[in-house]
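Enquirer: So the sequences go chain by chain: A and U.
So for the first sequence, my numbering puts the first residue at 1; every next one is plus one.
So for the second sequence, my numbering puts the first residue at 1; every next one is plus one.
Among these hints, one or two may not hold up.
[Stated by the list, open to error] Covered by chain U, per the in silico footprint, the following chain A stretches (three or more residues, Cβ under 8 Å):
1) 23-31
2) 49-62
[Stated by the list, open to error] Some, not all, of what chain U presents toward chain A, calculated at C-beta under 7 Å:
3) 19
4) 26
5) 126
6) 129
7) 130
8) 136
9) 137
[Unchecked claim] Simulated DEER-style distance windows between Cβ atoms:
10) U:129 x A:43: 27 to 37 Å
11) A:69 x U:24: 10 to 20 Å
12) U:127 x A:6: 12 to 22 Å
13) U:56 x A:39: 45 to 55 Å
14) U:129 x A:32: 38 to 48 Å
15) U:148 x A:35: 44 to 54 Å
16) U:59 x A:10: 46 to 56 Å
17) A:6 x U:27: 45 to 55 Å
Just so you know, the hints here were simulated from the structure itself, not pulled from any lab data.
As the structure is a prediction and not an experimental result, all values here were calculated from the model.
Note that the Cβ used here is the ideal one computed from N, Cα and C, for glycine as well.
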Amino acid sequence: MMTVNGMTQERVLELIAAYGAEPMGWPEDERDAARALLEAEPEAFAAALSDAEALDQALGLEAVPEPSAILAETVLAAAPDALRTRSGLIDRLSSLLFPQGIRWPAGAALASLAMGLIGGYAYASTGIGYDQADSAYYAAFGLDSGEDWVSLE
Amino acid sequence: MPIVFRVAYRMLQDRAEAEDVTQETFLRAWKHLPNWQPKAKFSTWACTVALNLCRDRLRKKKPVLMDELPERVDTALRPEEALASQQGLEGIAEKIAALPERQREALTLCALEGMSNIEAAAAMDVGVRALESLLARARRSLRASLGAQLAGD
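Can you build the whole structure from these sequences, using the hints too?
Expert: And the structure:
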């Protein structure tokens with residue numbers, strides 16, 4: 001069986017079976033070698049790719065309803081009280097909220113976010129596939145902004 | 001709409017319950033913010049918490065047979081669902097909902113939310129190989145249940 005950079009046909013078929021036809025969805029550390037083998041022997045994977053593409057397309061049509069409008073407000077409203085009791089956190093949150101140095105009272109900042117003003121701020125994407133709203137939502141709290149969380153469960 | 005809500009909705013198939021899980025996840029985040037330490041991304045941590053909350057809720061519900069699954073809350077077709085209907089792919093969400101719990105978790109995080117295999121495995125507290133096995137089984141089941149509806153067939 002042909003291999004490229006240690007990648008085997010069998011493994012490429014496993015990747016397609018688990019992650020679908022789109023190489024961007026494959027594990028990063030195996031992607032390049034798998035792609036190279038795919039390009040070297042396209043006929044070996046044509047059937048598997050065709051099957052996987054059909055399912056990928058079907059999955060792309062899946063939809064989730066929007067949560068109620070008050071969900072974000074409720075989540076945001078709970079934050080300040082929990083944070084205010086701990087010194088330093090409001091400052092950290094504010095600096096992450098306004099990296100350009102604009103300092104607002106945290107409550108006002110959070111209230112602004114709750115009113116939908118979040119869209120005016122640009123935040124770095126936090127990962128492939130996460131939509132911009134997610135990045136903004138988490139970045140608004142200073143989360144997923146390059147710092148990490150300890151597992152607490 | 002945060003990833004936490006979307007993951008919770010897909011697991012619970014109930015908007016109100018998914019909103020409850022989202023709120024509870026963020027309340028825990030606010031509570032644990034002082035313990036923020038560099039080990040995992042917030043979104044991974046949040047999904048771990050949300051999945052655990054969903055599992056607790058699912059455990060409390062009695063098992064239902066597939067043909068007893070409740071109707072979805074929103075009856076109005078969203079654009080993606082309308083397109084799915086046009087393409088003869090009705091019920092993709094219901095078929096995903098009918099997957100075993102762990103397969104549904106894996107598919108949600110990787111295929112529907114675009115998480116990397118490492119992040120998804122961490123959020124589910126399983127190894128990457130176990131995650132792959134769950135994904136492959138989920139995709140195989142969906143292919144079987146969608147059958148001739150898939151474009152590749």
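Enquirer: Now look at each hint and say whether the structure bears it out.
Expert: Checked hints:
{"no.": "1", "hint": "23-31", "result": "holds (count 3)"}
{"no.": "2", "hint": "49-62", "result": "holds (count 13)"}
{"no.": "3", "hint": "19", "result": "holds, 5 Å"}
{"no.": "4", "hint": "26", "result": "holds, 4 Å"}
{"no.": "5", "hint": "126", "result": "violated, 13 Å"}
{"no.": "6", "hint": "129", "result": "violated, 10 Å"}
{"no.": "7", "hint": "130", "result": "violated, 11 Å"}
{"no.": "8", "hint": "136", "result": "holds, 4 Å"}
{"no.": "9", "hint": "137", "result": "violated, 9 Å"}
{"no.": "10", "hint": "U:129 x A:43: 27 to 37 Å", "result": "holds, 28 Å"}
{"no.": "11", "hint": "A:69 x U:24: 10 to 20 Å", "result": "holds, 19 Å"}
{"no.": "12", "hint": "U:127 x A:6: 12 to 22 Å", "result": "holds, 20 Å"}
{"no.": "13", "hint": "U:56 x A:39: 45 to 55 Å", "result": "holds, 46 Å"}
{"no.": "14", "hint": "U:129 x A:32: 38 to 48 Å", "result": "violated, 20 Å"}
{"no.": "15", "hint": "U:148 x A:35: 44 to 54 Å", "result": "violated, 31 Å"}
{"no.": "16", "hint": "U:59 x A:10: 46 to 56 Å", "result": "violated, 37 Å"}
{"no.": "17", "hint": "A:6 x U:27: 45 to 55 Å", "result": "holds, 47 Å"}
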